[in-house]
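A.B. asks: Here the protein sequences come in this chain order: X and G. Take the first sequence: its letters are residues 34 to 333, numbered as in the working numbering. Take the second sequence: its letters are residues -8 to 257, numbered as in the working numbering.
Note that these hints are calculated values from the structure, not bench results. Please note that a few of the clues may not be correct.
Computed, partial: chain X to chain G, Cβ under 7 Å [unchecked claim]:
#1 M84
#2 I87
#3 T106
#4 Q109
#5 A110
#6 G117
#7 Y122
#8 K132
#9 A135
#10 R138
#11 G140
#12 F145
#13 F262
#14 V277
#15 T281
Cβ coordinates follow ideal geometry from the N, Cα and C atoms, glycine included.
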Amino acid sequence: MSAVIQLEGLTKHYGSARGIVDLDLEVSEGEVFGFLGPNGAGKTTTIRLIMDLIRPSEGTARVFSLDARRDATLIQARTGYMPGELALYGGLTGIEMLKYAANLRGGVDWAFVEGLAERLDCDLSRPIGTLSTGNKHKVGLIHALMHRPELLILDEPTSGLDPIVQRELHRLLEEVRAEGRTVFLSSHILPEVESLCDRVGIIREGRLVTIQQVEALKESALSHLEFHFAAEVSADEFSSLPGVREVTAEGTVVRCTVSGSVDAVVKAAALHEVLDLVSHEPSLEQVFLAYYTGESGDAG
Amino acid sequence: MLANVFLKTLRDQRRSLMWWGIGLVALTSLTMAFYPAFSDAPDFDEIFEQMPEALTKMFAGEFTDLTSPEGFLNSQLFFFVVPLMFVIFAVLAGSAAIAGEEGAGTLSLLLTSTTPRWRVVVEKFGAVAVATLALALFLWLGLAAGAVAVDMDISLLGLAAASLSTALLAVAFGAFALALGCITGARGLSAGAASAVAIAAYFLNALAPLSDALTPLQKLSPFYYFIGADPLTNGLNALHAGVLLALTAAALGVAVLAFERRDLHG
Ligand SMILES: Nc1ncnc2c1ncn2[C@@H]1O[C@H](COP(=O)(O)OP(=O)(O)O)[C@@H](O)[C@H]1O
Ligand SMILES: [Mg+2]
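Let the hints inform the model, and build the full structure from the sequences given.
C.D. replies: Laid out in structure tokens, this is it:
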């Protein structure tokens, strides 16, 4: 399968400040790729380099085997882009804004645009300046999807969207995937990337930490379980179980950090009377810790 | 009006253009209304001559004969207030064109919609130039109507030449502001710096003749090429108009080159 996005040694300094450092990455055709990292990691920098809005200090970015800089307009014709800090023409209505964008692209199938607006429940007749943040986001999404691009690049597309629209976006991305098109989306939320993507690249402080299939990521991810028992239970009962990284017991409450499957821990707990069970999604920081500390078990 | 970057930019300017047009017509009609009083009282020329030379030079240049139609229009409108209005209009439009959209954040989408950067700059410049020419048309119409109303003996072609010369001057400063915006991405800075240069250029042209040492420097000022050959009386001077066009082309060239190279803010 051919590479749609190919980054080689991509580096960007802002003056003396670090943007991204020596990034190597390939995204294949038809793949939904998640670019995961905390704020300030360099996700937006990478995307803006791919879109030729900024220029690399070193290294190259290629899209559809074309040079991101020299062939920018050819790439743009086949790419839909939604910036992280979305800014639209507040004085135009949604229709006007999208007609303008369509004209710049030499025309699009307008019935398709109207279909998207309907699905996202987006009122295109109002001036964009009067819309809520969520509704502006919808216009931005339609803008990115309207010309049925082969590649979609979305910079934190769900931040600021209400859950219903998030679900609609997920469904749209499913369709895009089913049609064999490619998606590159950035996020700082692990579960979101897990539910949407095939493969995930994790970026931290400007450097690519790892690229994983989502399945593998889930396996190595940490989960936190907190059991409230009816009587006191010793931590020792859990500490040697497979996957357990850390256990603390305080009276009747036992807290476990588990990597991968929680099956063994839950079964061990079931031997006692469990009053309550609280489970936390691992935070992104904990996912990173899982990588940095390897299997040494002293994470968290 | 949303077919391309050029038309969209013109559309964005339509309201501003309307208000500037109204202001310009109001200014010219009001000034023209005083013409009969001036022409009936030749004493005005003497009063004017008795004023300190630096003061008259500052706001009327060499145009000290107030009672002739050409002298009246040149001293009261074309030397100072009309180019001032035009230059402000064009500088604001030029600095808004790229740097304004960049500050608003909408340039990220515009520059990823298949129009190459150089063409975005050229189309936006085209819109600024056309809007400034439209303003010159307003000026010409206002002056022509005023001339008829107060029975002033002035050539409509001369009025057209002076209006066009004003537009050429303003477009050059608009292109300069556009270039500053393309280099820096900062709208306020571009508008401010271009205005400051325009003010300095204005005074250089107006006051250089007061000192023998400064006189040769007058030719460094774009204002000299706008009014120095008195287009109202003599028609458009091809060489002087050419200098203004060359300055505009140079600024546009710098704008495109700088904008192609740099990172977009955001
Ligand atoms: N225009 C800029 N000037 C200076 N530093 C910048 C600029 N843009 C981003 N940075 C820095 O580069 C790093 C990466 O930022 P960014 O790519 O926006 O991260 P993310 O999108 O992952 O939150 C951050 O440390 C940020 O402060
Ligand atoms: Mg970002």
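A.B. asks: Would you mind marking each hint as holding or not holding in the structure?
C.D. replies: To see whether the hints hold, each was checked on the structure:
1. At its closest, the beta carbon of M84 (chain X) sits 5 Å from a beta carbon of chain G; the interface hint therefore holds under the 7 Å criterion.
2. Because the closest C-beta pair between I87 (chain X) and chain G is about 4 Å apart, less than 7 Å, the hint holds.
3. Hint status for T106 (chain X) relative to chain G: holds, with the closest Cβ pair at about 5 Å, below 7 Å.
4. Taking 7 Å as the C-beta cut-off, the interface hint given for Q109 (chain X) holds, the closest approach to chain G being about 5 Å.
5. Proximity of A110 (chain X) to chain G holds as hinted, the smallest CB-CB distance being about 5 Å (cut-off 7 Å).
6. This hint is violated: G117 (chain X) has a C-beta 9 Å from the nearest C-beta of chain G, more than the 7 Å allowed.
7. Residue-level restraint check for Y122 (chain X) holds (minimum Cβ-Cβ distance to chain G is 6 Å; threshold 7 Å).
8. A distance limit of 7 Å between C-beta atoms decides the matter here; for K132 (chain X) the minimum to chain G is near 5 Å, and the interface restraint holds.
9. The restraint placing A135 (chain X) at the interface with chain G is violated, with a minimum CB-CB distance near 9 Å, outside the 7 Å limit.
10. Contact between R138 (chain X) and chain G, as hinted, is supported at the beta carbon level, the nearest pair being about 6 Å apart and thus within 7 Å.
11. The interface hint given for G140 (chain X) is violated, since its Cβ lies 11 Å from the closest Cβ of chain G, which is over the 7 Å cut-off.
12. A least Cβ separation of about 17 Å between F145 (chain X) and chain G goes past the 7 Å threshold, and the interface hint is therefore violated.
13. Because the smallest distance between the Cβ of F262 (chain X) and any Cβ of chain G comes to about 53 Å, over 7 Å, the interface hint for this residue is violated.
14. Violation of the interface hint for V277 (chain X) is found here, the shortest Cβ-Cβ separation to chain G being roughly 46 Å, above the 7 Å cut-off.
15. About 46 Å separates the beta-carbon of T281 (chain X) from the nearest beta-carbon of chain G, more than 7 Å, and the hint is not met.
Violation of the numbered hints given earlier is confined to hints 6, 9, 11, 12, 13, 14, 15; the remaining hints are satisfied by the structure.
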